[in-house]
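Trainee: Single-letter residue listing:
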Amino acid sequence: MKWIDYEVPNSVDEAVALLGESGDKAKALAGGTDLIVMLRTGVIGPDLVVDVKSIPELNEITYDPKAGLTLGAAVPCYKIYSNEAVAGAYPALIDSASLIGGTQIQGRASIGGNLCNATPSADSIPTLIALGATCKIAGPNGTREVAAEDFCKGVRQSVLKPGEILVSLHFPPPADNSGARYIRFIPRNEMDIAVVGVGVSVILDNGNFDSARIALAAVAPTPLFVKKAGDALAGKPVNDESIQMAANISRDAAKPISDMRGTLEYRKHLCEVLTRRALHTAVERAKETS
Amino acid sequence: MPQKTSVTTHINGEEVQFLAEPRQSLLESLRDTLHLTGAKEGCNDGNCGACTVEMDGRIVDSCLVLGVEAEGSEINTIEGVATPEGLHPIQEAFLENAALQCGICTPGFIVASKALLEANPNPTEHEIRFWLAGNLCRCTGYDKIVRAVADAAGRMSS
Chain A
1 MKWIDYEVPN SVDEAVALLG ESGDKAKALA GGTDLIVMLR TGVIGPDLVV
51 DVKSIPELNE ITYDPKAGLT LGAAVPCYKI YSNEAVAGAY PALIDSASLI
101 GGTQIQGRAS IGGNLCNATP SADSIPTLIA LGATCKIAGP NGTREVAAED
151 FCKGVRQSVL KPGEILVSLH FPPPADNSGA RYIRFIPRNE MDIAVVGVGV
201 SVILDNGNFD SARIALAAVA PTPLFVKKAG DALAGKPVND ESIQMAANIS
251 RDAAKPISDM RGTLEYRKHL CEVLTRRALH TAVERAKETS
Chain B
291 MPQKTSVTTH INGEEVQFLA EPRQSLLESL RDTLHLTGAK EGCNDGNCGA
341 CTVEMDGRIV DSCLVLGVEA EGSEINTIEG VATPEGLHPI QEAFLENAAL
391 QCGICTPGFI VASKALLEAN PNPTEHEIRF WLAGNLCRCT GYDKIVRAVA
441 DAAGRMSS
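Protein chains in written order, with the working numbering: chain A, 1 to 290; chain B, 291 to 448.
By construction, these hints were calculated from the structure, which means they are not laboratory data. Keep in mind it's a predicted model, so treat the numbers as computed, not measured. Incorrect hints may have been included.
Said to hold, decoys possible - Here are the simulated SDA-like pairs of lysine to any residue, each with C-alpha atoms no more than 25 angstroms apart in a straight line:
id: 1; chain 1: A; residue 1: Lys-79; chain 2: B; residue 2: Ala-409
id: 2; chain 1: A; residue 1: Lys-136; chain 2: A; residue 2: Glu-7
id: 3; chain 1: B; residue 1: Lys-294; chain 2: A; residue 2: Pro-46
id: 4; chain 1: A; residue 1: Lys-79; chain 2: B; residue 2: Ser-363
id: 5; chain 1: A; residue 1: Lys-161; chain 2: A; residue 2: Asn-59
id: 6; chain 1: A; residue 1: Lys-27; chain 2: B; residue 2: Asp-335
id: 7; chain 1: A; residue 1: Lys-53; chain 2: B; residue 2: Gly-431
id: 8; chain 1: A; residue 1: Lys-136; chain 2: A; residue 2: Gly-20
id: 9; chain 1: A; residue 1: Lys-53; chain 2: B; residue 2: Thr-295
id: 10; chain 1: B; residue 1: Lys-294; chain 2: A; residue 2: Val-43
To be verified - Covered by chain A, according to a simulated footprint, are these stretches of chain B (three or more residues, beta-carbon under 8 angstroms):
id: 11; region: 311-324
id: 12; region: 345-351
id: 13; region: 354-361
id: 14; region: 364-377
id: 15; region: 382-388
Backbone N, C-alpha and C define an ideal beta-carbon position, used for all residues, glycine too.
Please take these sequences and the hints and turn them into a complete structure.
Mentor: Okay, structure coming up:
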């Protein structure tokens with residue numbers, strides 16, 4: 001591995017300045033569970049690594065039932081599922097945070113890093129989309145906000161420009177009678193990459209769906225927001241028929257490839273099955289909270 | 291010539307200072323610079339857990355930490371598990387349950403198991419297996435390891 005420089009800024013401004021000076025030759029380091037592997041294997045070759053874990057905003061984890069959750073981009077997974085208030089309000093986020101890697105990986109890996117890494121199979125991104133999270137990005141021209149479903153632009157490509165960093169994610173407060181769920185299929189019990197992942201959220205209203213959001217992992221070059229599957233549920237009664245209809249839309253929207261983890265046909269089938277199961281669990285969770 | 295970075299940290303309770311190149315992993319700093327060779331290099335990409343150490347109260351794969359990131363942190367390695375008085379109950383349980391064959395994975399399993407039993411003194415078999423999912427063993431088939439951890443839990447609570 002070639003020489004790299006290493007800096008540990010204490011503020012967002014300092015980090016943006018460091019990243020801006022080096023342009024695309026600089027990389028931000030949070031948990032490092034993807035970045036360090038890519039450094040070592042030569043997939044990336046930055047001149048500078050900027051460790052963002054000493055920046056207060058990137059370590060923030062603040063939940064307020066009225067304001068929602070602000071999750072710093074570098075907060076490791078274990079701090080998310082160890083936080084009882086967050087675990088109670090956003091069980092789907094806990095589904096994702098406790099699935100990424102094993103115990104050691106969860107000690108370091110962050111949801112923000114999972115998002116910035118922007119792989120199609122990332123276990124947190126469908127959840128971020130389903131929960132309607134927004135991404136706060138800081139750069140040389142100030143800060144901007146991007147919806148989670150607009151963040152990824154291709155395999156390992158995101159909206160982040162050279163000099164920009166993801167500061168935090170903001171989740172709206174859970175609505176009354178709402179529930180959410182992330183599930184994935186892997187051929188093992190743990191420590192694997194999703195063949196397909198599905199994140200859903202629902203809001204119920206007197207036996208009907210008020211609204212729903214459905215997103216898929218590992219079936220397209222980016223995590224896929226299937227807006228029409230969720231929209232189709234709005235106003236429909238909560239029953240097997242409506243859930244099956246949404247599952248079918250989800251299956252039809254998927255654009256997977258065949259690879260060593262599964263064929264195109266298998267992945268489309270999984271989209272249907274997992275969307276159905278995730279919706280059932282999200283409905284159960286919504287009823288528990290009402 | 292670029293300069294190495296001076297890193298000050300606590301390892302197994304003692305203050306330690308070492309020089310690291312930013313590109314070096316904590317595992318390389320531990321093994322090659324500090325000669326703490328208990329943590330092993332297996333996959334070097336975060337799958338096998340042979341390099342597991344505890345860093346600021348959480349287990350991590352030291353191959354996926356930069357040595358320079360250890361600045362100001364508290365690190366516990368397999369070398370700090372036994373005391374001059376004797377082995378740790380987890381180590382005794384691994385020996386008596388024959389929970390190792392080639393032994394390469396064992397330091398990682400013991401460091402990870404110790405963290406589990408400190409957080410959860412009486413884990414179920416399911417909890418043991420999931421906690422240790424990031425530690426691979428290619429010899430034992432895991433059953434003896436899981437039994438050893440359950441046995442250690444009993445020893446430590448009695």
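Trainee: Confirm or reject the coverage of the region 354-361 of chain B by chain A under the rule of 3 or more residues with a beta carbon closer than 8 angstroms to the chain's beta carbons.
Mentor: holds (count 6)
Trainee: Taken at face value, is the distance from the CA of Thr-295 of chain B to the CA of Lys-53 of chain A at most 25 angstroms?
Mentor: Cα-Cα ~18 angstroms, so holds.
Trainee: Does Asp-335 of chain B lie within 25 angstroms of Lys-27 of chain A when you go C-alpha to C-alpha?
Mentor: It holds: about 18 angstroms lies between the C-alpha atoms, which stays within 25 angstroms.
Trainee: Tell me if the straight-line CA distance from Lys-79 of chain A to Ala-409 of chain B falls inside 25 angstroms.
Mentor: It holds: about 14 angstroms lies between the C-alpha atoms, which stays within 25 angstroms.
Trainee: Checking one constraint from the list: CA of Lys-79 of chain A to CA of Ser-363 of chain B, max 25 angstroms. Satisfied?
Mentor: Cα-Cα ~17 angstroms, so holds.
Trainee: Does Gly-431 of chain B sit within 25 angstroms of Lys-53 of chain A, going by the straight-line distance between their CA atoms?
Mentor: Judged against 25 angstroms, a Cα distance of about 38 angstroms means the pair is violated.
Trainee: Would you check chain A against the region 364-377 of chain B, counting CB to CB pairs closer than 8 angstroms, and say if three or more residues qualify?
Mentor: violated (count 0)
Trainee: Against the 25 angstroms threshold, does the CA-CA distance of Lys-294 of chain B and Val-43 of chain A hold or violate the hint?
Mentor: 24 angstroms, holds
Trainee: If you look at each residue in the region 311-324 of chain B, do at least three have a Cβ nearer than 8 angstroms to any Cβ of chain A?
Mentor: The restraint on the region 311-324 of chain B holds, since 4 of its residues have a Cβ under 8 angstroms from chain A and three suffice.
Trainee: Hey, Lys-136 of chain A versus Glu-7 of chain A, does the alpha-carbon distance stay inside 25 angstroms?
Mentor: 22 angstroms, holds
Trainee: Would you mind confirming whether the straight-line C-alpha gap from Lys-294 of chain B to Pro-46 of chain A stays at or under 25 angstroms?
Mentor: 17 angstroms, holds
Trainee: How does the region 345-351 of chain B fare against chain A when you require at least three residues with a CB closer than 8 angstroms, holds or violated?
Mentor: holds (count 5)
Going down the numbered hints, you'll see the structure goes against 7, 14, 15, while the others check out.
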